[in-house]
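> Given the coordinates of chain A, assemble chains B, C and D onto it according to the supplied hints.
Take a look at the letters that make up each chain.
4 protein chains.
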Amino acid sequence: MADINKVVLAYSGGLDTSVILKWLQDTYQCEVVTFTADLGQGEELEPARQKALQFGIKPENIFIDDLREEFVRDFVFPMFRANTVYEGEYLLGTSIARPLIAKRQIEIANLTGADAVSHGATGKGNDQVRFELGYYGLKPDVKVIAPWREWDLLSREKLLAYAEKNGIPVEAKHKGGGAPYSMDANLLHISFEGRHLENPSAEAEEAMWRWTVSPEAAPDAPEYLDVEFEKGDIVALNGVRMKAHEVLTKLNELGGKHGIGRLDLVENRYVGMKSRGCYETPGGTIILKAHRAIESITLDREVAHLKDDLMPRYASIIYNGYWWAPERKALQALIDATQQTVNGWVRLKLYKGNVIVVSRDSKTDSLFDMNIATFDDDGGAYNQADAGGFIKLNALRMRIAGRLHGK
Amino acid sequence: MADINKVVLAYSGGLDTSVILKWLQDTYQCEVVTFTADLGQGEELEPARQKALQFGIKPENIFIDDLREEFVRDFVFPMFRANTVYEGEYLLGTSIARPLIAKRQIEIANLTGADAVSHGATGKGNDQVRFELGYYGLKPDVKVIAPWREWDLLSREKLLAYAEKNGIPVEAKHKGGGAPYSMDANLLHISFEGRHLENPSAEAEEAMWRWTVSPEAAPDAPEYLDVEFEKGDIVALNGVRMKAHEVLTKLNELGGKHGIGRLDLVENRYVGMKSRGCYETPGGTIILKAHRAIESITLDREVAHLKDDLMPRYASIIYNGYWWAPERKALQALIDATQQTVNGWVRLKLYKGNVIVVSRDSKTDSLFDMNIATFDDDGGAYNQADAGGFIKLNALRMRIAGRLHGK
Amino acid sequence: MADINKVVLAYSGGLDTSVILKWLQDTYQCEVVTFTADLGQGEELEPARQKALQFGIKPENIFIDDLREEFVRDFVFPMFRANTVYEGEYLLGTSIARPLIAKRQIEIANLTGADAVSHGATGKGNDQVRFELGYYGLKPDVKVIAPWREWDLLSREKLLAYAEKNGIPVEAKHKGGGAPYSMDANLLHISFEGRHLENPSAEAEEAMWRWTVSPEAAPDAPEYLDVEFEKGDIVALNGVRMKAHEVLTKLNELGGKHGIGRLDLVENRYVGMKSRGCYETPGGTIILKAHRAIESITLDREVAHLKDDLMPRYASIIYNGYWWAPERKALQALIDATQQTVNGWVRLKLYKGNVIVVSRDSKTDSLFDMNIATFDDDGGAYNQADAGGFIKLNALRMRIAGRLHGK
Amino acid sequence: MADINKVVLAYSGGLDTSVILKWLQDTYQCEVVTFTADLGQGEELEPARQKALQFGIKPENIFIDDLREEFVRDFVFPMFRANTVYEGEYLLGTSIARPLIAKRQIEIANLTGADAVSHGATGKGNDQVRFELGYYGLKPDVKVIAPWREWDLLSREKLLAYAEKNGIPVEAKHKGGGAPYSMDANLLHISFEGRHLENPSAEAEEAMWRWTVSPEAAPDAPEYLDVEFEKGDIVALNGVRMKAHEVLTKLNELGGKHGIGRLDLVENRYVGMKSRGCYETPGGTIILKAHRAIESITLDREVAHLKDDLMPRYASIIYNGYWWAPERKALQALIDATQQTVNGWVRLKLYKGNVIVVSRDSKTDSLFDMNIATFDDDGGAYNQADAGGFIKLNALRMRIAGRLHGK
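Protein chains in written order, with this note's numbering: chain A, 1 to 407; chain B, 408 to 814; chain C, 815 to 1221; chain D, 1222 to 1628.
For the record, the hints were derived by calculation from the structure and aren't laboratory data. Each residue gets a CB set at the ideal place from its N, CA and C atoms; glycine is no exception. It is possible that part of the hints are untrue.
Said to hold, decoys possible - Which stretches of chain A does chain C cover? Using the computed rule of at least three CB atoms under 8 Å from a CB of chain C, they are:
1) 80 to 88
2) 300 to 312
3) 358 to 369
This is chain A alone, in the form it adopts within the complex (with noise of 0.2 Å):
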């Protein structure tokens, strides 16, 4: 067992890290600092603070932060430039939380001079992953404690028996009926796996869904949404201009209202099994379909081709916790180089699970040309004949393959 001085923990204050936090103290010996962050997750942060000092953390060892607008504006923002999307169905919710956290935890190791850093996700999943190649990218000798690896607490019955036994509170949700869904929310998204979800020819039951109604819950009444965007990142809604967790605050309340963003789908977790998820992710639904549109009209096509090829390898360096390492970084000098252009408004009809792009438009960046593309006379702008030349340039190696084979 590691040496450890003083270890950061990333510390929800529910059951989980809460048995964490215990089994540090016990264990290594050791000063805990809680670091609790607010992405949006829809959660008081108080609490944690509060149970924190019940487990005799020092004061000014119990970090809590609002990140939210870092969050969206160097994240969530940039991630979306690209269209991601992991598997062609996944926005990377979860995966986009966790560089995050790892950053500011290792920003509070080094303001605390602490050795190591700790986190609660499972050797099961992707999140230790992503946590811990962001502590190593970022602190490369730090010492991790990743509990889940390491003790015997392995099922939920010795879980909650050790927490009895140290006077960690069970909230009534943990006791009972079996586990609850493993979920996982920040501003970007919910999500929902275990349970019954473990089957993946169950359907998922109505009353899991937390930020969505279902569509046929939906309004009757469609609703129009006008967004703007520069630089490839939306900033207004409306016409009112937003910071951007402001604008996906906004998005979400729309999404969530109009039954837009769920999702249930099978991935393939680096860890390499397949594993079940169920989503919600109104805002970010919304903005993949707005900012595909803007695209539309203000991107170049082969830059766009470019991109689209690009995009499923950076969807997987996010899933899989690259996002500090330097390949995620040169891929997204290329993206953001490509958003210079991306600027002008797309409008949007809300309506029952659906988000369907209506119109779409830029004053100064647009490339649509309706003097060419028009089907009537365009006096000259473009020559027909011109596609003649093109197409048999574009033939000749066909051709000439085709008089070898044909003889």
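Only chains B, C and D this time, still in chain A's reference frame:
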């Protein structure tokens, strides 16, 4: 002007290709063979025969073929095996029909001893490229007549005048009220371009859509649908086995009823300009969603990612008209090789524009392993401690770099 | 410690694997099956049998197989069809042998009812990964013993002490003068690592190289060589048809004589660190050059570019040990599909380290069309005016953008 | 025929562009501005001025510019940062010069108020595309005159007749003995096409080569060369700092002396046919080898692989003439971002056609870690047991599949 003996014209029986038929006879003084294909566009084909006869086409020179099964089985389904989407949105409904038309046209040219082929696509669009790359790829020295690039009937007025002068009947829709939408339909989709769609900031009018009701007008009750796959293709719906084109016909009916598959976008044409198009692809939208779902449990992660990385390129190849080119065939070899294990079923819920995956399973090929994925104690199926080494080695290069640059 | 009944060891007969043999017997108290493969490494194999007998291995548990033909035909040649090079330089000589060894080892495990396999690769290198991914891919529940990751004989001194204590003969080269190079050889190459190569700023010493003379010491007269391909594989040299391994044997002889195929590089290991290696790949260097040359006239441009785009990924897959993984097989399906037309001959000149292509042709599959390529009047085979339209349409998107941004 | 006021001609002073000059004056009755660039092709430029004057060009309309430094610094070096090679072999010597010529020509058009530009590239080659995509990209509405696509002087005989009729001096090399090679030279390379090279099964004759001695004729003693890099570019040779074009000039001298950089290949032109070319790129061949070597110790693995994956695409973009297109700029942003750490030195040995890397190091940016790479006991820098978990998780998906399909 080329010396033409006999030309096979892709003939719909509509105004444009009727004008072309007459123009070919007048301009090239050559024999014309008409070819009319049923690709599921939902129009009577016999009137085309009558019209052709009226233009003096010999009965043995009139070809009317039902290609619906071949179209879906050999073109649409192979394309969906790759989850193919152009520019993140477009399901390639027009693109995928052109190679089949070109193939059959060349077969007819060979049957009838024709030395030329002709089509009604304009000089500004992608379809001319798709037709002609097909022609040249399959019969390298065929002569190609593209009237829109040759004649001077470039405005609708001139075309109508030519028609009237030559006694070609002009349907009411072509008169007054400006030009109609430029439409294309087959079993996979119907498309709309032109008119006020040429302004991408104008919303499409509800009256334009033909195959789908609006989500608002769709039934208030959702409908469940069971889809069964074999080697990546759908072979049964709700337990009833059917042929490829019957599957798509049925999915179009269901999708259309539930307001599924409308799309309004600006795309990048191969010939260089952006164009705005509206599409209805009810059945295709369902296939895409279902196919991704069945792959999610039956496909290896790295194979799935390889397919995702290559998909945009494969989509561009088809969009640009290179179906018959060797690079498409090489990619198809890869894609088809991956589909051997894509067997199983997916349950979908259709509701007001939404296609919602609710469950999926495969008796023979599911790679989803509940024992490993579970949050409960897995009895040693997966050793959580392994993750520590996995992370350490994956982090090694970042740690070495961090140490260097931290100095 | 796992409970092992019988283990198949990849046994070279050398010091390290002899120590492992003994250590397995002592530590696991299990029956050992030895497997020694002739992959063309140029060593006598019968001594391995004698040594095995001395360790008490039963005769029926000693397997010595000549795998040379299978190695070149089913592994080396398929890899060269893709012009495979790792990190721009390395011809994957070690990587490509491991999957075959793993496959045969598993076959022997199945034949002999063994429940475990073992190898002599260290815990720092790529080979452990390549062996074990092969084992697990071909026999998912086999037990794997990797002594270097388990035992405490991590220094050379301890290893030698263990050998002496157990009466294992130590050849002179292992004594005094420090450790020898870590070497690996098979028909494709011989590799050197370790010793003063661990300092990448130190030049390799001339005495290290074994299979090739230095360019300086090579003959002063060049030698011409005619190479004939069928479906991408070499089938004849200077007009003499031969089997795959005979081809490579002959090319190694010629390359070695002319100082061809030495390489000194720093590569990135899959396990995370950089390592310096020196390689001699005389025959492989010739194959690569010749294969590219025959493809240059027989492969379609877009197919060639598709292969080039995918090659680095394919190389990494092999380097990292995923030969038996489904993504390698999917890529191979694509690669092999492209090689049907790769038939013809290439003439090379070998001279002091250089492999120079001087001419190439294909009676059946040359896509080189002299009539079109000529600078002389081509009599209309190619209409130069077509290029105008080709350029105009390809430039269109740039012109539209230029007009917009020029405003 | 377009109405032209003033045209800027890329004018070499040679026969072809002199004929073009005269033809432009006669055909378009317009003012001609001549532009002659020194790109290091090794020819006197002042004769071009004299000839232009003889054609009646006004002195202020004659532009002769030394672009050597800009060429290497802003075009050649950025390209080599990507280890750019087209179709596995070609170093893009011609391709990379065209964008600079186009840029300067457009600058001169803007300076002189010209409305048109013209070049001497034929209608069958890539250069017309490269020039014109540059023109259109930088000045969208410029008029382009491509005489080879317009006039009827398509055979060498007609061209010579026109020259004689118009008093244009014809050098001896153009007379008798058939046409000369079609050559292009600049600081990066000299190329040869045409004549008997049009038969790819014919060996190039020794007398053709100009910049390099044959390996056979090169010195019998090798020469060592130290190359120093900063941010991916060479800044010093053998300890002597020099400017970009001085570096390349010196490397050409050294490479030429040692028989380095000859290439004989068949390439795929953008306009659709295969063509055979011979190239001498002595300095570039050295740069490529050295640059890969310095990257091998200073670049992260995943960044290096990302670059390798994108390189063929980047090469095609340049080969096809899209230097000024936004997709090239986006890729360059990525490439340049990766080169910040590419600092250090490489030692090469030049000998009879060989460029041999013998050592490399970086004081500031080496990621090579001897402590970790060593075969000796590393004192815990790397925990070999970690590899077990690494392999287990990487094998997991294959094991799950193996179990399923083994059933």
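> Would you mind marking each hint as holding or not holding in the structure?
Going through the hints against the structure:
1. 80 to 88: violated (count 0)
2. 300 to 312: holds (count 3)
3. 358 to 369: As far as the region 358 to 369 of chain A goes, the hint holds, because 4 residues have Cβ atoms under 8 Å from chain C.
Consistency with the previously given hints fails for number 1 only.
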